[in-house]
Amino acid sequence: MTLMTQQLLHVCIAVPDLNAAVQSYRDLLGFKSVFETENGTADGALLGFDTDVVNIKAQHVMTVGASPRHATAINLVEFVEPKTKSADSAPRAMNDTGLTRLALLVGDLDLAFERIAANRSVEIISTTREIVIHEAESTHTSRWFSFLDPFGVFITVTEAPRNDERKE
Amino acid sequence: MDRYIKRLFHVCITVPDIERALDFYQDVLGLQSIGSLRDERTDGAVLGFPGQDIVIHADHLCGTQTDNATVIDLVEFVEPKTVADDGPYDQTNHVGITRMAFDVDDTDAIYAKLGQRDDVDILAAPATVKAPTDGYLRILTFKDPHGIVLELIERRGAPSD
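Line by line, the protein sequences are chains H and D. The opening position of the first sequence corresponds to residue 2 in the numbering used here, with each subsequent residue numbered one higher. The opening position of the second sequence corresponds to residue 895 in the numbering used here, with each subsequent residue numbered one higher.
Bound-form chain H, shown alone (with noise of 0.2 Å):
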């Protein structure tokens, strides 16, 4: 089989105030800014729309230090015409179809626990836990804590996993 596609190059997140958001993920989570568009004449079609035209705001961030060419960026877009829609229910379950969590890797679990907890636009939805994953050849553990961000997307923050045991 041939691999076609080289790797995944953004994930999008809509939100109703792009400027709010660049600054949450700067702030919050240490992101910044590597591109940014205001386009009032955005093909509609290609963003799933009937009309020509979209008019929207974005910015592309990633990880300081990441390298452009190969990390995968969020793209935070604000629909200004047709407006982003609000969330109208409760935020997604993990196990509602669709694309459903962003997963994060950091240095040190424990200080980005503190820094995200203390912030008060984010819910945390679960504190620090040991998670054991069984694999056919060896056993991992890591570490995990997860928490809704100011827009309600569900987040999972972990740091490298540890090889406890290898199976024989």
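No lab work stands behind these hints: they were computed from the structure. All residues carry an ideal CB built from backbone N, CA and C; glycine is no exception. It cannot be assumed that every hint is accurate.
Claimed, not checked - Here are the simulated EDC-like pairs of lysine to aspartate or glutamate, each with C-alpha atoms no more than 16 Å apart in a straight line:
{"id": "1", "chain 1": "D", "residue 1": "K975", "chain 2": "H", "residue 2": "D97"}
{"id": "2", "chain 1": "D", "residue 1": "K1024", "chain 2": "H", "residue 2": "D44"}
{"id": "3", "chain 1": "H", "residue 1": "K84", "chain 2": "D", "residue 2": "D984"}
{"id": "4", "chain 1": "H", "residue 1": "K58", "chain 2": "H", "residue 2": "D28"}
{"id": "5", "chain 1": "D", "residue 1": "K900", "chain 2": "H", "residue 2": "E160"}
{"id": "6", "chain 1": "H", "residue 1": "K86", "chain 2": "D", "residue 2": "D1028"}
{"id": "7", "chain 1": "D", "residue 1": "K975", "chain 2": "D", "residue 2": "D911"}
{"id": "8", "chain 1": "D", "residue 1": "K1007", "chain 2": "D", "residue 2": "D917"}
{"id": "9", "chain 1": "D", "residue 1": "K900", "chain 2": "H", "residue 2": "E39"}
{"id": "10", "chain 1": "D", "residue 1": "K900", "chain 2": "H", "residue 2": "D51"}
{"id": "11", "chain 1": "D", "residue 1": "K1037", "chain 2": "D", "residue 2": "D1015"}
{"id": "12", "chain 1": "D", "residue 1": "K900", "chain 2": "H", "residue 2": "D28"}
{"id": "13", "chain 1": "D", "residue 1": "K1037", "chain 2": "H", "residue 2": "D51"}
To be verified - To give an idea of the chain D side of the interface with chain H (calculated C-beta under 10 Å), a few residues:
{"id": "14", "residue": "Y898"}
{"id": "15", "residue": "F903"}
{"id": "16", "residue": "V905"}
{"id": "17", "residue": "D937"}
{"id": "18", "residue": "L1046"}
Fit chain D to the known structure of chain H by using the hints.
Just chain D, lined up with the frame of chain H:
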């Protein structure tokens, strides 16, 4: 401030049937699985199911660039089951994670493969647009068999490469 986040680690797609999903993501998009779990029982709290164990099937998928790549975590919930009723957000301007874009070698080759299936919905056929920086982009968007909006982007030096 402290830059405590290293990178976007993975993006999770919840699906009702992992084998059907793999058929699509591997055979059509050409992604490869770099790790597979079946009937994995784990603590549900981190995923929003406090006080209960959950059981999942999962595969981690990536493209040809594997160095520090953000992977797709394809997950079928076994217990509790995946809820398929409402599907993903119908429109890309709904608040939340609405779309993923892939860097591909050949947009038209994948478009031809999509044409052989009756479970995808083409939103915009391949079109060449000027890139915001250098060169051109050959772009296609469609809804995958689960209704998720995917965008394929091929970089080109000239509009007619």
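Original post:
Which hints, by number, does the structure contradict?
Top reply: Numbers 4, 6, 9, 10 - these are the hints that the structure violates, sorted from lowest upward.
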